[in-house]
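Got chain S sorted already, so can you dock chain Z onto it with the hints?
Protein chains: 2
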Amino acid sequence: MKKVGILGGGQLGRMLLQAAANYPVETFVMENDSECPAANLCHHFAKGDITKFEDVYAFGKGLDALTIEIESVNEAALEKLEAEGVLIYPKPAALKIIKNKILQKQFYKAQEIPTSEFVVTTSREALLQLTDFLPAAHKIGLGGYDGKGVELLRTSEDFSRGFDAPAILEKLVTIKKEIAVIIAVSNSGEIRLYPPVDMVFDSRLNLLDYQISPADLPQNLLWKVEAIARKVVKDLQSPGIFAVELFIDDKDNVLVNETAPRVHNSGHHTIEANYCSQFDMLWRIILGYPLGNTNHIFPAAIVNLLGADGFTGPAYYEGLQEVLQIENAFVHIYGKKETKPGRKMGHVTILSREKQELIHQANRVKFGLIVKSQ
Amino acid sequence: MKKVGILGGGQLGRMLLQAAANYPVETFVMENDSECPAANLCHHFAKGDITKFEDVYAFGKGLDALTIEIESVNEAALEKLEAEGVLIYPKPAALKIIKNKILQKQFYKAQEIPTSEFVVTTSREALLQLTDFLPAAHKIGLGGYDGKGVELLRTSEDFSRGFDAPAILEKLVTIKKEIAVIIAVSNSGEIRLYPPVDMVFDSRLNLLDYQISPADLPQNLLWKVEAIARKVVKDLQSPGIFAVELFIDDKDNVLVNETAPRVHNSGHHTIEANYCSQFDMLWRIILGYPLGNTNHIFPAAIVNLLGADGFTGPAYYEGLQEVLQIENAFVHIYGKKETKPGRKMGHVTILSREKQELIHQANRVKFGLIVKSQ
Chain S
1 MKKVGILGGG QLGRMLLQAA ANYPVETFVM ENDSECPAAN LCHHFAKGDI
51 TKFEDVYAFG KGLDALTIEI ESVNEAALEK LEAEGVLIYP KPAALKIIKN
101 KILQKQFYKA QEIPTSEFVV TTSREALLQL TDFLPAAHKI GLGGYDGKGV
151 ELLRTSEDFS RGFDAPAILE KLVTIKKEIA VIIAVSNSGE IRLYPPVDMV
201 FDSRLNLLDY QISPADLPQN LLWKVEAIAR KVVKDLQSPG IFAVELFIDD
251 KDNVLVNETA PRVHNSGHHT IEANYCSQFD MLWRIILGYP LGNTNHIFPA
301 AIVNLLGADG FTGPAYYEGL QEVLQIENAF VHIYGKKETK PGRKMGHVTI
351 LSREKQELIH QANRVKFGLI VKSQ
Chain Z
1 MKKVGILGGG QLGRMLLQAA ANYPVETFVM ENDSECPAAN LCHHFAKGDI
51 TKFEDVYAFG KGLDALTIEI ESVNEAALEK LEAEGVLIYP KPAALKIIKN
101 KILQKQFYKA QEIPTSEFVV TTSREALLQL TDFLPAAHKI GLGGYDGKGV
151 ELLRTSEDFS RGFDAPAILE KLVTIKKEIA VIIAVSNSGE IRLYPPVDMV
201 FDSRLNLLDY QISPADLPQN LLWKVEAIAR KVVKDLQSPG IFAVELFIDD
251 KDNVLVNETA PRVHNSGHHT IEANYCSQFD MLWRIILGYP LGNTNHIFPA
301 AIVNLLGADG FTGPAYYEGL QEVLQIENAF VHIYGKKETK PGRKMGHVTI
351 LSREKQELIH QANRVKFGLI VKSQ
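Taken in order, these protein sequences are the chains called S and Z. The opening position of the first sequence corresponds to residue 1 in this note's numbering, with each subsequent residue numbered one higher. The opening position of the second sequence corresponds to residue 1 in this note's numbering, with each subsequent residue numbered one higher.
Identical chains blur together in the list; that is why a pair holds if it fits in one copy or across any two.
Calculated pairs, DSS-like style, for lysine-lysine (alpha carbon to alpha carbon, straight line, at most 30 Å): (1) Lys52 / Lys2; (2) Lys372 / Lys2; (3) Lys80 / Lys109; (4) Lys3 / Lys372; (5) Lys3 / Lys366; (6) Lys2 / Lys366; (7) Lys340 / Lys3; (8) Lys224 / Lys91; (9) Lys47 / Lys337; (10) Lys2 / Lys340; (11) Lys61 / Lys234.
Hints are computed from structural coordinates only; laboratory data are not their basis. Since the model is a prediction, treat every value here as computed from it, not as a measurement.
Only chain S is shown next, with the shape it has when bound in the complex (with noise of 0.2 Å):
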């Protein structure tokens, strides 16, 4: 049996392992809580600090391959393993241009990729000569992560708000729609695109609140969305699931708006509602499987479970019971012990063949299902 690691105990990791029962895989995590949701789904848990190299490069070596449930990894060590014969998902080339936000937009503008204009900052300092740009997101370079790391700066009053440290300030487009494509590239570069899905964003904590897939789009945006997400991981040359977000403007046009190299949560339906999931779709690339079916087998709907604000501590779930009685749900709970606001919880799948329901069991659930502290 082939070994393999993950960097990150989190759901994402949970989900992965779970995926991975299917399969004849020696299953290896490391990560910094030994209670982390991923601890105790894995033959080998190593407490270790996935940032520093020499944890990385110990819990790497001998392994036969390594993939990441977060960007925020130490990419030295991960060149070294990689040198050393370790296979990589994704290569560490391809992790070091999305990791850092300022390399993934030069490297879409050198691609010709289309995405908003941006201008790079590299201290608070230089947003003051900046007024014309605005508005603007404001994103730093590194170590941002679900809604930390980004200012809306509308106004020259909300410079104060910009990051003293490298970042992008990215021009506000009017955005029509939010589209994110999962994207499978095997090792010798098949590419398979999962349907693409409608996000609907929670505007405080810039976190998903709910998504539909497949989207809903005209043939000839469908088109231009899988045309540009192709090309974004054809050009990261890179094996391993890439999630590729895009904009459509108020103009039609297309933009990516970031890619995040590994199993991402909005591809969290395709657990129920597509023949192959995105995390067996992973172990199949690293396994050296040949691709699964990214087909839905049911339109879906997601409602992520987020730390209810207010409450911090060990975790409990208001509402489960009713939620746990609609008929076309599938709970997810990740199992964190400590809850606190905006923290990911768990999440919830709907399906069904029709927008209406979907759209009307996501609200009972996202208004019905509540995370709180005990």
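Chain Z only, in chain S's frame:
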């Protein structure tokens, strides 16, 4: 989080634990082999003998609930644990009836549940008086499993193959169809049935060959099957998951063959083909959640992957690449390191609305994916 233990660490435990990762629950497994399929998917693995009082009692003490994935567990320990407040799924009283084939048959008779004619035999010697009862199946009272403990006796010359231990001799019926029904019973006695499935057996090993869900039954037989299966679990008076296997004879009589008080091979398709899988359902029961939706999303076939004759040793899955290319197939490999003839090494589920497509792909899997040793 509730602490829940599973006695036995085979593939049923493995699939239970895959499903458990959707809920907040702390999982425990006991099995003799620390490399068993379920060992790496629980929070706490205990090496121990599930047939020994001391081991089972020590394992169960302090847990909130306990379930089984095989019948041959120490009942006395379960009874003591139940008396001390541990919830047991199924209740020891129900397990006691089912696990002994003699008590099980007598239970059907006492409850007026239709079953084939039988006599109890206490020794091989006793068979000699029963020539008039042939052809018949001789089934050992305790310890039979997966085709072991069953002998077909057609003439008195076959008596030498009979069991020299307490057993039942069942008159053979002319079987038109074999049906299985998975049933969920909640703590409060609420019952939900999954759609019955058609079972096709490998006559050599008496192992399930493939099955089709839902079964192709006329309305009047479907109602009879459902009514009888429902009566079996009602009379067993225990929460849990049950699999009731039934014969339909050439006169359209519906007879109970046997019952398993646990998740069952005949319900594996429910992972992909039904809204709530049998594994998910057992967690709902144990955790006191509402019962899930048993409706099917898609008709399905299951093929079991059994170790091929003549191969014993580290498992190798010949033809796996080809089967993974079937666009509507879901592969489950149980991760057992060693194969041997007839050992259950995995299963493949196929989804399709077309019965011919189900049978076609089931046969492709059956003849195309062979478990050999390296």
